[in-house]
Structure formats: C-alpha cells, structure tokens
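Sequences and hints are given; from them, build the entire structure.
Number of protein chains: 6
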Amino acid sequence: MTPAPRYGPPDASLAPRYTGVRTFARCPHVTDPEGADVALVGVPFDTATSYRPGARFGPEAIRSGSTLLRPYHAAQDVDVFASQSVIDFGDLAITPGNAERTAGQIADGLAPLVEAGVTPIALGGDHSIVLGELRAHAARHGPVALVLLDAHADTWDEYYGERYFHGTPFRRAVEEGLLLPERSLLAGMRGPLYGLEDLDATREMGFEVLTGDELSGLSPSDYSARVRARVGGTPAYFSFDIDVIDPAFAPGTGTPEVAGLTPREALAFVRSLAGMRFVGFDVVEVSPPYDDSAQTTAMLAANVAYEFLALTALESQP
Amino acid sequence: MTPAPRYGPPDASLAPRYTGVRTFARCPHVTDPEGADVALVGVPFDTATSYRPGARFGPEAIRSGSTLLRPYHAAQDVDVFASQSVIDFGDLAITPGNAERTAGQIADGLAPLVEAGVTPIALGGDHSIVLGELRAHAARHGPVALVLLDAHADTWDEYYGERYFHGTPFRRAVEEGLLLPERSLLAGMRGPLYGLEDLDATREMGFEVLTGDELSGLSPSDYSARVRARVGGTPAYFSFDIDVIDPAFAPGTGTPEVAGLTPREALAFVRSLAGMRFVGFDVVEVSPPYDDSAQTTAMLAANVAYEFLALTALESQP
Amino acid sequence: MTPAPRYGPPDASLAPRYTGVRTFARCPHVTDPEGADVALVGVPFDTATSYRPGARFGPEAIRSGSTLLRPYHAAQDVDVFASQSVIDFGDLAITPGNAERTAGQIADGLAPLVEAGVTPIALGGDHSIVLGELRAHAARHGPVALVLLDAHADTWDEYYGERYFHGTPFRRAVEEGLLLPERSLLAGMRGPLYGLEDLDATREMGFEVLTGDELSGLSPSDYSARVRARVGGTPAYFSFDIDVIDPAFAPGTGTPEVAGLTPREALAFVRSLAGMRFVGFDVVEVSPPYDDSAQTTAMLAANVAYEFLALTALESQP
Amino acid sequence: MTPAPRYGPPDASLAPRYTGVRTFARCPHVTDPEGADVALVGVPFDTATSYRPGARFGPEAIRSGSTLLRPYHAAQDVDVFASQSVIDFGDLAITPGNAERTAGQIADGLAPLVEAGVTPIALGGDHSIVLGELRAHAARHGPVALVLLDAHADTWDEYYGERYFHGTPFRRAVEEGLLLPERSLLAGMRGPLYGLEDLDATREMGFEVLTGDELSGLSPSDYSARVRARVGGTPAYFSFDIDVIDPAFAPGTGTPEVAGLTPREALAFVRSLAGMRFVGFDVVEVSPPYDDSAQTTAMLAANVAYEFLALTALESQP
Amino acid sequence: MTPAPRYGPPDASLAPRYTGVRTFARCPHVTDPEGADVALVGVPFDTATSYRPGARFGPEAIRSGSTLLRPYHAAQDVDVFASQSVIDFGDLAITPGNAERTAGQIADGLAPLVEAGVTPIALGGDHSIVLGELRAHAARHGPVALVLLDAHADTWDEYYGERYFHGTPFRRAVEEGLLLPERSLLAGMRGPLYGLEDLDATREMGFEVLTGDELSGLSPSDYSARVRARVGGTPAYFSFDIDVIDPAFAPGTGTPEVAGLTPREALAFVRSLAGMRFVGFDVVEVSPPYDDSAQTTAMLAANVAYEFLALTALESQP
Amino acid sequence: MTPAPRYGPPDASLAPRYTGVRTFARCPHVTDPEGADVALVGVPFDTATSYRPGARFGPEAIRSGSTLLRPYHAAQDVDVFASQSVIDFGDLAITPGNAERTAGQIADGLAPLVEAGVTPIALGGDHSIVLGELRAHAARHGPVALVLLDAHADTWDEYYGERYFHGTPFRRAVEEGLLLPERSLLAGMRGPLYGLEDLDATREMGFEVLTGDELSGLSPSDYSARVRARVGGTPAYFSFDIDVIDPAFAPGTGTPEVAGLTPREALAFVRSLAGMRFVGFDVVEVSPPYDDSAQTTAMLAANVAYEFLALTALESQP
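So the sequences go chain by chain: A, B, C, D, E and F. Position in the first sequence (from 1) plus 34 gives the number in the working numbering. Position in the second sequence (from 1) plus 34 gives the number in the working numbering. Position in the third sequence (from 1) plus 34 gives the number in the working numbering. Position in the fourth sequence (from 1) plus 34 gives the number in the working numbering. Position in the fifth sequence (from 1) plus 34 gives the number in the working numbering. Position in the sixth sequence (from 1) plus 34 gives the number in the working numbering.
No lab work stands behind these hints, which were simulated from the structure alone. Hints may be right or wrong, so weigh each one.
To be clear about the criterion: a stretch of chain C counts as covered by chain D if any three or more of its residues have a C-beta under 8 Å from a C-beta of chain D, and this derived list gives those stretches [stated by the list, open to error]:
(1) 78 to 87
(2) 124 to 134
(3) 191 to 199
In silico negatives: residues of chain C with every beta carbon more than 10 Å from chain B [what the hints assert, rightly or not]:
(4) Arg51
(5) Pro105
(6) Ala302
(7) Ser350
Positions of the beta carbon are idealized from the N, C-alpha and C atoms, including for glycine.
The following block contains the structure:
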C-alpha cells in the first residue's frame, strides 16, 4: 500500500473549508521543498501591466477562491492529493516598480524548488513573471517547449522603452535561449492588433500560433493532438493567461478582450493534455480589483490550478 | 368562453411594471389558497449553507427580479396568466439558526396550499428547504419522483454532525420515505468531489445521476426522454438549484462551481418537459449579496420560476 | 501611394493607450465634418427608458471602454484607420425629459455629418434615439432598410400615452416613412411578451422577424444571406441594441432578458455582412450604472462600434 | 385604555423581520385610507433628473431598507406604532417621460389620503414629485409653509426649456400659490452654483435660505427655534432631500455634493421639531443604482421616514 | 537589553507588505501557545445572525485588511511588536448551523491559550461567539467585567425560540455566572427598539448602559473615567462590535444602524483605556459581502485589533 | 469692462453638463499654453504605488467626477471662470514601469506651462509624480515651500531599493534642492508607522509636521496662520493627497488609513488659504478601481481641484 503523501489539505470533516488561514486549497504553507512534489507559488507582481493593474493581489485572491476545492477530480478520475505531496510555498520576493530585477528574483526564488524536483505552479501576477519562471526551468531542463493559452502572444519587443513588460516575456525568453519556439504552441490570440505584423512577427520567431477563432474550431482531442505533435519529447511548460477566457467569466484581468473562450472549452483543452508531463505551470493576469463580488475570476483561476494538479497527479500515479 | 382567472398581475397598461410593492411578477399577495391555482412562496432561510450565506434574501431578490415578466411565453406559446390563477403567498415562517425546526415549519406552511390543490413554486432559500417541501407533497401524493438540476447531488449524510444541511436533504427525504430514487433523475453534477464514492453513494441510493458533462451532451429532447422514462406515472417534483448554471450567469449563489450550464441550455431543458405534471417546484440557492449590480442571478431565477408557470399553464389550458 | 487619412488615433508608441482625454479609440475630437469619413457620435439620452435608466452615461462609458482598441482587425484583415478618416464628433444636444424634442435635435445634429457624406456611428443612449437618426438618414437617402439585432422589436405604439419611447421608435419611423419594413430584418427577439400579437403586429407592419431561438440556429453565413436577400440594393441602416447579448456578457443595459446571444455569436453575425454598405450605425442601451466594475458591457459596445468601423473600412479600401 | 391602532407592523416575535413581501417597516399594504392615520406612499419617478437617474427605484429600496425598523424610538421616547395607524399605500401612478403629467397624477393620487385626513409620507422619486404633493396639500389646507433640508434650493425656472424638472418644483409651487415663501425655511444649500444670483433669486422669491455652512453652525435647538419662528401657525410641509447628507453616508443620490451633513446632525435637526404638526412629508432623491452594496442610502432614507413617523406619533399621543 | 519577542511580523524591508499568505499583520501562523504573549484568533461563525449573514468570512477579511499595519503606534507611542510576542493562532473549530455547540467549541479552543497566559484577540464572527470566549476567560479568572462598544446591548432572552443567538450572549453569560454586570459598562446603544423595556431590562440585569447619544457627549477621558470607575479591580474583557460605528465607515456588518460613532471617536475611546489590563478582546460582526470594494470595514476592524495590541503592549513594556 | 477669459466651460444652458467628451469641468482640451491662466493636467502614473495600484486611471475619473462643477464658489464668493482662463491640458507623457524616467517626463511636460506663466493643477497619479512637478516649478521659481495635506509624510529614502517611489518624493526633492523644508508644513500624518523615527527623520530634514490628531485640533484660521507664518514670502506649492481624508469619504486610494479628516474639515483648511499665491497644485492618489459606484472619491478630488481654482481666481481678480 502506498503511504499517504507528506503534505496535503487537512481532513475536511474536521472543519468547514472556509475556516483557517488562506492557503491554496488549504494545503500547508511550507517553505522547505523537502518532501513536496508540487508547490503552489504566489508571485504578487503587476508593475509590468499595460492597462489595468491589480494582479499583485492575484495570489491572495486565487488562494481565497480555492477554498472550495476538494480532492477528487471526477472528469479525470483522480484524487489530486492522494499520490502527490502538495504545498503552498507562499509568495516569492519581488520588487514593485522594477520588472527586470523581479525577473531575477523569481528565477532565484524558484530555483530551490526546481532543483529539488518539485513542480511549481505559479499564481500571478502579470505575465511578465513568466520570464523568471522560464529561467528557473531552463537552468535545469535546458530550453523548454511552451504551451500557451492567452488572448495575446506577448512577444513584443518593448513598451515605451521598457523591455521587461507583460507583453514581451516570450521574446525575452527566446533571446535568452529559454524557449524552443519550434516546439511551442500559442493559442487563443484575439482582439484588435497594432497590425498584421503582430502575429506574423510571432510566427517568424518560430512559434506556432492558433488564433482564438481557430482554437474554438478545434475539439479537445484535436487540440491535444496539435500540442503533442508540436512539443514532442521536449520538456514543456504550460502558461495560462486568464484573459484567454471571455470577460463575462473572467472580468478580473488586466487587458480583457471580448469574445473569448468559455471555461468549459478552456478546461477541456487543459484536460485533453492528460499524460503529458510539464516541468511547470502558471496561471496569470488575475486582477482582483476588477473581479466581481462573487470572485468569479479568482475561483476560475483556482480551478485552472486544480486542473494542473490533476495533470501532475495523473503523472504521479503508481 | 373561459372566465378570467381570479388572480394574476394587474393590467400593465395602467402603470409601469417597476411600480408597486414587489410581489412575484406583480401578482397579488394573497394568503388564502382559495381561488388560486399556483402560488409563489418565499422561503427565506440560509442557516444550512456550507459556504456563502445570503439566500435568506433570495425571495426578496427574485421578486424584485421578476418585475419585467410579461404574460406571454413565446417559446411555449402560452399566456401563463390566462388560464390559471396565480398568487404570491408571501414567505413561510422559518427559524433562523435551526434547520431541523424549519423543515417542519415549511411542511406546515405549505400544507394548506397542497391540500387545497394549489401548486406551490418555492423561492429559496438554501437547498435544505426542499426537505420540508417534499414532506408537504408526500403527505398528499405519497413518495414522489425528483427531477433535479443542480451542480451537487445533495445526498450527503451529515455536515459536522448536522444532519439537516443544504448538502443532505435528499438523503433525509429518502430516509423519510418522501422520494422514490428509482423514479428520480439528478442532473448537472460537476466540480471537485471528496471522492469517487460521492456519486457512487448517490447511485447506490437508487438515484440516476447525469454529470454536467453528460448533461451538456444531451439535446433537450434527449433529456426530456430520459426524464419521462425515469419518472413514468409517478407524481413528480422539480427542483432547480441555480448553481447548475455557470457562475458568469449566476454569480449570486452559495457554492458556485465553474464551467456550468448556460441559461439557454438550462431553460431549454426545462421547456422540454412541457406536458409533464409536477406537484411542486422550487428554485433555490440565490444569494443576493454575491449577485452583481444588475441582479443577473435574481432575474434568471425569476425566469426559471416563469418557466415553471409556463409548464403549469400548459397543463391548465382547456 | 495612398495618403494617410486626415484623422485617426495617435501613434500608440508615444504614450500608453490609457492616457489622455477619453475620445472613442483615442481619435481626435473634431466638430467639423470636413475631412472625416466616419464619425463616432454620442447621444446621451435615457428619458425614454421603460425600466432601468442610465444610458445617458453610455457614450462616456463606451469611450472609456474603447481605450484598448488597436488599428488592425485580424478577423476581417483590415486596418480600420488606414484608409478612412475617423473622428469623435462629441455628443449631440439633447433635452432630458423630452423624447420628442430630442428626436428633432438628433436629426438636426446629424444632418451636417450626413450631408457631408460622413458615416455616423451613434453611441447611445436608449433606443428612442434611433428615430432621430433615421430622420437624418432618410432626409438624404430616402427610406432605408433596417438591420436590427435586439432582444425587442421596439415597434409598440405607445407607453402610458407617450408615443416617443424606447419601445416605439420603429413604428414611428415607419409612420414617418423613414423605413422600408419590407427591406428590413429584425433579429434576436426573445423574452416574455404581452401577447402573441406583439410579434404578429411587427410582422404585419411588414418587418421580417427572427426570434432569438431562430437566430441562434443560423450560421453567420446563413444570417448574412438572409440579410443581403432582404435588403437588396436599398440603403441600409444597422442598429445594435446591446440587450441582444446575454446579460452575463452585457449586464449594463436597461431591459435585460435572460438567455441571449454570446458576443462570439453576435460579432460573427456583424462580421458576416462585410461588403455591405450601411449609411449609418448605432449601438444603444448601454447603461453604465448597471455595468460591472470591469466595464464589461461598455467594452463590448466599444468593440461593436469597432466592428462597424471594420465594415466601413472594408468598403473604403482602394 | 386606548385601543390598538388598526394598522401597523406584525408582531416581530412571529417571524424574522427579513421575511415577507417588502412593505415599509412591514406595515400592511392597504389602498383604502379608511382607518389609517399615516400612509407611506411611493412615487417611483425620475424623468426629471438632471444628472444621475435611478430614483424610480427609490421606493423599492427604501422599503427594503426599512426592514430593521422597530416600534420604539428611544431618543423621542415614543412607540411610533402604538397610537397611530400606519399603512403602506403602495405607489402612485406616474408617467415615465412626462413630468408635467406626473405632477397631476401625484396630486390626484394623494387626494383621497389628504381628504381622509391621513398624513402621507412620500418616498421618492426625484424632487420634481413635490409639486404634485404640494398641490394635494394646498387643495385642502391652502398654501403651506415649507421646511426643506436639501443641498439645492430647487427654485430654478427651467432646465433646457423644461419647466417641470427636479430643480424647479418650488418655483412652480410658488407660482401656483401652493407655498408661502415667507413662512418657509430652506436649509443645507451647498456646492458650486451658476452664480451668486442663484441663492439671491431664491431669497427674492421670499424664502429664507440657510447654507450648509450656516446650518452646520446651528445647534438642533437653534434650528428648531428658527423653523418654529418662521413657520408660525401655518400648516407646514417637510421635504427631505437625501443629498443634504454627505455622499459618504448617502452615495445613492442623483446630484451629490461633497461636504454635507452627517446623519447624526440631520436626524437631530428633524428630531428638534417634535411637537410641530406637518400636513405631509417626503424623503426624495434616493437613487439605488448608485447606492453601495450595504444599501446605506436606502437604510438612511428609511430612518428619515421613521423620524417623520415619530413626529406624527408625538402629535397623536393622547 | 531586552531580547526580541519570539514571534512577530517579518522585517518589512525584505518584501512588500502585500506579499505572503494572509495572517494578521503578517505575524506567523502558530498553533502552539508556547512563547506567545498575544494571539489573534479567528472565529468564522455567523449562524446566529438576525439580519445580514456573512461574518463567517470576517476573519479572512480582517487578516486581509491588516496587511498595512506597521509596528509603531504613534498616538500611544508604543511599538506593538517590540515587547510582546504576537501570533496568528488561526481559526477555531466551529459548527455552522449550531450556535450552542459552537459556543462550547470556542471555549474549548481558547482554553489552551488562556491557560498558557496568552491574551487572545478574537476576530469574529457574529456576536454570539462572545459567550464561548467568556466561558474560557471565566474558567480561569472567575466572572469578568465587560467593557462593550456596540449599537445593541445583546441581552435579549431568545430569538424565535433560539437561546444562542447574536442578540442574547450577555444574558446567557450572566446566567452562566461569567460576567459581573455591576462591573460592566455597555456603551453606544442606538437605533429603534422593540420597546422602552429593551434598555430597562438590560439595566435591571445590573449593567450600566450609555446610549450612543450619551456616549457621543463624552470626551475620551470622561469615558475612560467611567470605565475605570465601573470596572475597578475586576479582570475585564473588551468586546467591540463594529456596528457601534456609523455604516458609512463600516458598511460591512450584519445589523447596521444609522448615525453611529466615527472611527476617530471610537478609536479615541479605546485608546483612553491605556494602562488597563484586559484578559481578552474581540472585534465582531464584520460581514465582508456587505463591505465596499475598498474593504473599509475590514481595514477598520484590523485597526481596532491593532488598538488592542497597543493596549497589551503598553502593559507589557518593561 | 474686463473681457471674458479666453478659455472656460461652455454655457451650461446649451446642454446638460453630462454631455460631451469628458474634460475637467467641461473646459476645453487645449495643448497650447498661450492664452491660458490655469491648466488642469493629468498624470496617469501608478508604478510607484506600495499597496493598491490604479491611480493611473485617476485623471480619467477626476475629469468624470468634475462634470457637475459650476462656476460660482459660494463660500469664497468667486466665479472661478470669470477672471481666469482655464484649460484641460490633457495628460502628460509617462512611462509605466519606470518612475525615474517618468519624473523627467513630467518635468519636461510641465515646463512649457510653467514657463508661460500658466498655473498647473496636476491630477494624479500616485504621489511619486510630485517630484517631476517640483522640478518644473523650481526650475522657474527656485526652491519652493511645500504645503502638504497627506496621511503620510512621503519622506522615506527608498523602498526595496527603489529610490523613486510614492513614499520618497519629498526626500528626493530636498536632495535635488527643489524644496525648502524650513518653509514647508506637512499636515495630516496618521496611521501605524515603522517606528518613532519615521516622523523624527522628517522633522530632522527640516520639515514641520502636524499629525492628523494635531491638525484636527486646529481651526481653519489656526491652520491658515500656521501655514502663512511658515511659508512667508517663499513661492509655495500645494499638494493634496486624497488619503488625508477618511476612507469612508475617499475609499478609492492606494494606501488608506482609518480615522482621517472629513471633507468639510479639509476643504475648510484649503479655503482658509485664500489670498496666498501658489505656483502649482496637485491632488493625487485617487485610485478608481477601489472607489465606490457613486465615484465618491473622484468627485471629492474634483472638488479639491475646484478649491484650487477658487484660490487662483481670488488671486486673479482685478
């Protein structure tokens, strides 16, 4: 018989789930990677936002929105806490007002987890934080494949002279040799652009791009096949920008675009990747001051992280 | 020529619909069942809520959200007030802080209506109220078939030692002999569970369960066929938990789960049951403090009750 | 080489889009039609509202919600500012408390634009404003075809004795000879009615009516074919009432009806009309006090106006 | 022993105060003046608003905000329901979009109450409704004295050609011979004006005006003395515009002005008039769409009406 | 030199205060009383609420609202973390739906702290929780003196047959011999009552009662003198119901009453008690679903707790 | 006879004040200083915020909140647009994510105004923007006296290594020789501090500091005397951080502190300085995402700017 994992949520029969200090899914707040398989990690940074700020409060809100999560994921038929040890690592150190320094802090902050073989699931924070994350993963795995669900490709070069911004991280990551564009699939892009060249430039960098319209036309299994063919055997990283979802379901975000995916579509896409192994994950761009009073966006983001936990749990099952 | 029903909304050409004391669809507030065919009944109780409270204000909000309802239901081609007499019965007595006593009060409060042959449509309130409702109906009709749309099966045994809770009413109802599980269809269940056994235990009680994913795959006529086959000739009760709907469309509820039905889907399922006869109905778990400023949830719940009125109207047509 | 249009948004590389006085899509506020091809025009009027007021603040909110719009419309493959000169004309004079006088003011206010050959895109305001708009267009083009997306047909005769109301403009327009009902297609009607005769009366006036259920069953190309066949070669006017959209996506409106279109559906319908020429457009019934804190409705309305700009841009390309 | 009044709230020991159809302070909804001493009357009209509309929902919100009111007014040492019979008369007929016709409807609607000797307390609605109210009172009592607490004097002549507007009712009332300016005291005026002449013109009409700064400098007994000296033995009418209160305490109003009275100050002013007899009262300009989620403004307005009930109760005590 | 306390917030120069898992004032979450002087303790219970529920989320919100607290209390000239060791003990076990059982759980949960000599500051939760708190304190200190700031005296006997409710705890406490009414001062009572007997009955139980009007007339030093004279040498308990504050400053509460204290007044009253020693404290009735989007109520409650920390710090200074 | 000023708001009798593109108080948007006396200038920057961001939307919100402003300031007896020419200069260029570069951009952006003798009133933006403002003013006038109303002294040295932050501008300004601390008065400081040294360090820099408690104890004339004595004949700059106001009146701000000034107090302090001449003004730290739905904070900030206009108007009267 498999021993129970070292860390996980408390027995919910002892107290209502809304009691206690808010950690992700009520998992213990542990700052030592030893004995953990997966770590939720907050990155409360939003200096690099081009429109609506507030994502610095994203980790707090996602933790709050994770209160109702229970262990058994029915659609994937897996108990996400049964075969893996899950901790809430707390938040990484960041420097408000300085995206470049923060990227370094994020890489440094994740390094102990990555080195210890713990899979981090980052809770953003604006999308600029992915650069630091990719540095940490590439330091261990070499350049990785990117699987991105996002309304924007985030591959611009700069923003008013600022090179470390939430619209630029994947270009920086390519420049730094952290990503393999030819193994990466970016999907969900929609909304007005500066010009036709916006997507062309992304494709010229080597990325495959599926617009939101193209993505909506795919079944989950189609999407899954596209991702698996693209990634191949490369270590892969999954980044989920909440703005890939329609603003009705995710109003609390920094640069909303109308006419996005529904949660049913998006969660089905994520679930379709069962069996793939990812070195890390994030869910970003949750801006609580723009969320509704029911915390709809934060609860959805918590469920996205829960889907990630299901993917790692499926991998970790004996 | 059929005489006009005794009770119904006033002529809307006399005053804008937003004028007047708020009763359901502007129907008269009448506390004597005599002369009524259908009665809207508020049950402002939320002690039995496991996460977000507030459903005690559900009846007030649903009444407010019913202001715009007009008589003619185009999709069902029926004037809901032309052939049936409809009253707002007001709210039942309840005891805040005591779900068990309240169940008794609800049964007592509904008895005069049920005995007079008036079809009650209850406006919740949390889902614990359905136990009292089923007691009233079973007292007259014997055990009934349950048609449930809900994100949760609500068949647990207890909650921190409390046996009368909003997650337990259907188990209590079976124990009390109020329900025929083998004639009941529970549909829409989704979200994380405590374990695989959650749904299994429900099925072992004799209920048929359709998960949200299964339900989404059905056409309205498929669903209708499933319900009719299951219920057969048994007197049936319809319970609609607003959390079967996606939180974007129904944020004001106690235990939201992401990725639910759309209103278009759910209303089509309800409409598909035209011609069936139900002994009673409810729409529950509307929590106004979590609704948006446009009262989206309350308006939707008012429309669910309006769909119920269309079902009873179709039955009462000459 | 084509010279650049005279008016359009500033170069976004000079300042973040959220800076500056709020005009539509950051286009210059110009009150002289000379040199303009398309003009955004606010009509801040809501006296004629039958339920929730607030649309007087619609133009302000839509301008605010247009901040993020960028020039290139990827789905239509067109830069909306490259071949046409676009201005924000400001708001028309209106008289709060007097819908009849306001209709005249709107017609007078638009006349200089229409006479100068500028295509106006009106930002409402409640739907009563369309009467004044149609007067201006008919004065130049003769009676026009109406393409309407709306939850309501707005063809009633009066409202408590008031003949100039947001539920009556298209009847007034027919009476005034501004519209050709036999060339017009009204689509999206849903929700409870006063009686079967509501839609029948509209059809008897000569309009073609597609209910929301019928519309949802059409593909964009089906819809496009229906519209083109109906309109033929008649000068056409496009009116988009935001309440054709489901309240989850557009809570900020005056008379919401549950179970509406999604933005993806609605925008696809608009896009399907590429190649048609419209003499004018409006997007109406945006009521900011009922919008959510993320301004979801206003951003959607701004994107509807952007779709209109794409239609005119496609027409104006060399 | 005095018999109990015919109408009043139910025994609160039978059901929590938040149960039941929402009438003012849970008093019965009665439309026959017979047997009533005081009647709460809703006037859901906001066509005449110059800035933020929404006051048409004021009566609904004030009724909702009155739920917690209990019988005994400790500061005035009076049970407001012990010696007087209080009903909720419902809402008066009004015509949205037509302030002039509505003024007539209000006068007609109040006439049966006034003629029967019932003291009406009107729940607005924008301030234009006071014209109709004053017509009803003057028809019985002759011209009355006005005691006004308001941020604005509402004595302009017209507004964009509209003579029936919420900034003009007291000028209309003087013109119609309904008011005795020389017996009236207007207090609380503050905020930017069009010019020095604004207040001068009001004074030239014969009104006494106390600015907000002057009013704040008065003790309740000073204020009381000023009012009593001014009114003398003339039948008096009390009008309370909620915008006399600071927006922090009353955000839900149509034309807020910063730096107003606190509720403690305002309620003390009202209480200071104990012993005076008023022929009628109103509390106006409550605009629920701008209220906060705790309904702070509506609850305050309900308490203002409760203060009026205390004044009439003190008069009716044996 | 005094050694630094064992527990307290981290050095704020290492990370912005908004980072990290939310504990009170960023103090460590510690569940062992050893080495602590003061413990913040959440009690997320709201079953016993008579009007607006939601206080179960009070502890979460107060922790979130405590983020900005810094060590040095300028008005009291004390560093609240310099001479005392402060922990966040997390939340006590409670049973939703059962106030009587919960009172026992609270007493049991606090016992280890009280026995270890740790001063608890409870974060409510509705006011019913104070019964369990007083049991824990009386078990160690014998019956205590109560210093209460509250809009309501909370000394009723029952509520619809429920004896454990948020309006009854102090009667229960007297019955159980936990309180010395003759050593207790209840201040701030205001709002409509059921009858004159409400306050009389409280006084007959032996309590001294200062109404809100009386309290507002006292200077802080007057209040302090009254409290000190009343309490004498008896071990005292301080309970702060947030509804003693005006709803404009504290909208997020269960039974708001208009015209309350300002925070400046209330904090000055608390500060005036410097030098007194309290065996425990609480701040209760914070209902986050009714708070505003700036969390004004929760931030205020966090500052009330901070005032308590200053009182204990002044006592613990060498 | 004095000619009318070149720029000012349009005649309000031509259109309701809520019509038109939103500029401050409806003044024209003019980018050429020629012919202007006073210029409102937006600075939409919030990178330098330590807690709640959002002030980048401050200028938009303040413009929106200024809609109701009228020309005549009754308390100061001055028409603010009669003797001075007022423009809305639009927003300055800024660089999100880079406070240091932005300080330079602000100085450059204001230079043309300052050099042309136009008095700028800046609408923030977080308080870091004052550094750039002071550079512009000192470049023309030499080091200036600072009159500050603020909950915080903003004289720290750095924040996580960032020297250009919203808590540091006045230290930077002293270092750069832009301010004369010995001629400056900082008032309103309150809330928890890092240590006693926080205020001491400010005083050691030469500033006079009045805490909030001290300030509340002053009458407006006392305050005026203190300011005039301190400033003497030095050119003075007035900075108003909206957080000096209590959060109930100004919830929409970045670092709220409980128990602040009321607007009545604060506006009286500003008005007391009539006759003084200021080289410039700002009102900062308005964060719209945290404001209430009535825009209470933004309206208050607009009124603060209006008070500044009254001060300049009093100076410019013939």
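Taking 10 Å as the cut and beta carbons as the points, is proline 105 of chain C off the interface with chain B? holds (30 Å)
Would you assess whether arginine 51 of chain C, listed as outside the interface, keeps its beta-carbon beyond 10 Å of every beta-carbon in chain B? Given that every Cβ of chain B is farther than 10 Å from that of arginine 51 of chain C, nearest at about 26 Å, it holds.
Taking 8 Å as the C-beta cutoff, is the stated coverage of the stretch 124 to 134 of chain C by chain D satisfied by three or more residues? Satisfied; 5 residues make the cut.
Three residues minimum, CB to CB under 8 Å: does the stretch 191 to 199 of chain C make the cut for coverage by chain D? Let me know. Held - the stretch 191 to 199 of chain C has 6 residues with a Cβ nearer than 8 Å to chain D, which meets the minimum of three.
For alanine 302 of chain C, which was marked as not at the interface, is the minimum beta-carbon distance to chain B over 10 Å? holds (16 Å)
So serine 350 of chain C supposedly isn't at the interface. Is its beta-carbon more than 10 Å from every beta-carbon in chain B? holds (37 Å)
Check of the stretch 78 to 87 of chain C against chain D for coverage (Cβ-Cβ below 8 Å, three residues minimum): holds (count 7)
Every hint from the earlier list agrees with this structure, and none is contradicted.
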